[in-house]
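With chain A's structure known, arrange chain B with the ligands on it following the hints.
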Amino acid sequence: MILLNSVSVTFENKVALSGVSVQLPQQRIGVIGLNGSGKSTFARLLNGLVKPTSGTVAVNAINLSIDARAARAQVGFIFSNPDLQIIMPTVAEDVAFSLRGKGLSAAELDSQVAEALERFGLTELANEAAHSLSSGQKQMLALCAVTIAQPALIVADEPTALLDAANSAQVQNFLLNEWQGQVVLVTHDLGLVETCDVLLRFEAGKLAEVGEPATVIANYKKSFA
Amino acid sequence: MITVYKAGNSWLHGIPAGRKLLALTLLLLAISIWGRGAIALGAGAVLCQLAFLAAGFGIAGFARQIWAMRWLLLVMLVPGLIFLPWQTAITNTARLVECVLLASVFSFTTKTADLLKTIERAATPLRRVGVNPASIGLVLTMTISSIPLILKFAGNVREAQMARGVQPNIVRTTVPLLVASLKHSDDFAEALMARGVEV
Ligand SMILES: Nc1ncnc2c1ncn2[C@@H]1O[C@H](COP(=O)(O)OP(=O)(O)OP(=O)(O)O)[C@@H](O)[C@H]1O
Ligand SMILES: [Mg+2]
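Chains A and B are the protein sequences, given in the same order.
Residue numbering for the first sequence is 105 to 329, as defined by the numbering used here.
Residue numbering for the second sequence is 2 to 200, as defined by the numbering used here.
Isolated chain A (complex conformation):
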């Protein structure tokens, strides 16, 4: 459950979001809106990368202003540029990095990593340099590294922006069909979010609409036609 209570975010003196209140129990949440409308700011609020200037943000009853670390452990984040999400040199090591500090034995760690790699079709690439992968493979690696930590919520900010149609479909399929936890998917690709349970539309820093995807998409198109 995601809960925002009259949240505003101001950068220096630029208002990025203002007066956003919303309660989201749905599993698959899509977010659309024009460039600069506040989508990324909303997404970043959900794992504490951005702090609200006023108001409160809570994910599964954990208040992000009070315990950002605990909240962050529950929220996985996928960025557009998979290059910047790679921390360790090889694919398997990068996935294993997500499990550090969990007190697993080497054998448990290896078996969990192997299982996760298998699930994302990365087994063959386990010992490759992570940066040598294609963009699509890197984004699958990012998903793999995020899901192995078993977050309750995945927030993806335009995860398919740099991908071709086939890889976009693969990422979409994972996030909206396979992933059983909650997901927030920010995108400019309206086809990607048609099947979401609910759609949020941002307009000039305000949450303009929350509702059925078909209705929200239609109103979005009207808003700039």
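Treat the hints loosely; a few may be bogus.
Simulated crosslink set (DSSO-like; lysine-lysine; CA at most 30 Å straight-line) [unchecked claim]:
id : chain 1 : residue 1 : chain 2 : residue 2
1  : A       : Lys206    : B       : Lys118
2  : A       : Lys206    : B       : Lys153
3  : A       : Lys155    : B       : Lys184
Simulated coverage check for chain B against chain A, where a stretch passes if three residues somewhere in it have a Cβ under 8 Å from a Cβ of chain A [said to hold, decoys possible]:
id : region
4  : 5 to 11
5  : 32 to 45
6  : 146 to 156
7  : 184 to 193
In case anyone wonders, no lab produced these hints; they're calculated from the structure.
Backbone N, C-alpha and C define an ideal beta-carbon position, used for all residues, glycine too.
The following block gives chain B with the ligands in isolation, referenced to the frame of chain A:
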């Protein structure tokens, strides 16, 4: 030339990272101090070859690594031959090549996670002066893993310049490269935070 761990069961793979790192440091020191003259450098070359054999990469792996270093060889050797006595040029190049070869055997046979742990352990005394050993290890690892990314930025910068009819050179490449790397460092910091590292 960028090297990452290659899985294997060789004798060298089995040695703990800390001991290997110590041995590498001593060998590199020895080569820099005593690596002069045909005999010493010849011994170094034999040592490198043995290291590749002990790591299970064989003669072929050794040859591949030398081939991967061909540009480094050229860059070192050609100006040296022009500006220095030829003996000095060859000695300098041979020394560097031997050091790089040994270092690459080390990175081929050592998992980054093991290296990370070793560095963290070695840096533990720094805790007293307020430095977090975990962050030292992480910074070093990220430096290693982001070299290919920086090379990619460099490639992008050069291509963009050529597309606009500018002939790239070191200065023209370095400045935009720095800007691109700095710009990305913020995003890197965010990605680290998102993955649970407090920066
Ligand atoms: N770190 C920042 N510093 C200053 N201003 C910012 C910062 N981040 C966002 N903004 C501003 O806040 C507003 C909302 O930005 P945001 O990134 O949330 O939009 P967006 O909907 O994600 O846009 P896009 O579709 O282009 O990604 C924009 O006007 C932007 O310029
Ligand atoms: Mg955005």
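Pair hint Lys206 (chain A) and Lys153 (chain B), alpha-carbon separation not exceeding 30 Å | Not satisfied, since the Cα-Cα distance of roughly 33 Å exceeds 30 Å.
Closer than 8 Å, Cβ to Cβ, for at least three residues: run that test on the region 146 to 156 of chain B against chain A and report holds or violated.
-> holds (count 5)
Take the region 32 to 45 of chain B, compare each residue's beta carbon with every beta carbon of chain A, and decide whether three or more fall closer than 8 Å.
-> violated (count 0)
Do three or more residues from the region 5 to 11 of chain B put their C-beta atoms closer than 8 Å to C-beta atoms of chain A?
-> holds (count 4)
With a cut-off of 30 Å on the C-alpha distance, tell me whether Lys155 (chain A) and Lys184 (chain B) pass.
-> holds (21 Å)
Holds or violated: are the alpha carbons of Lys206 (chain A) and Lys118 (chain B) at most 30 Å from each other?
-> Since the Cα atoms of Lys206 (chain A) and Lys118 (chain B) sit roughly 15 Å apart, the hinted pair holds (cutoff 30 Å).
Against chain A, does the region 184 to 193 of chain B show at least 3 residues with beta-carbon separation below 8 Å?
-> holds (count 6)
Comparing the model with each numbered hint stated earlier shows that hints 2 and 5 do not hold.
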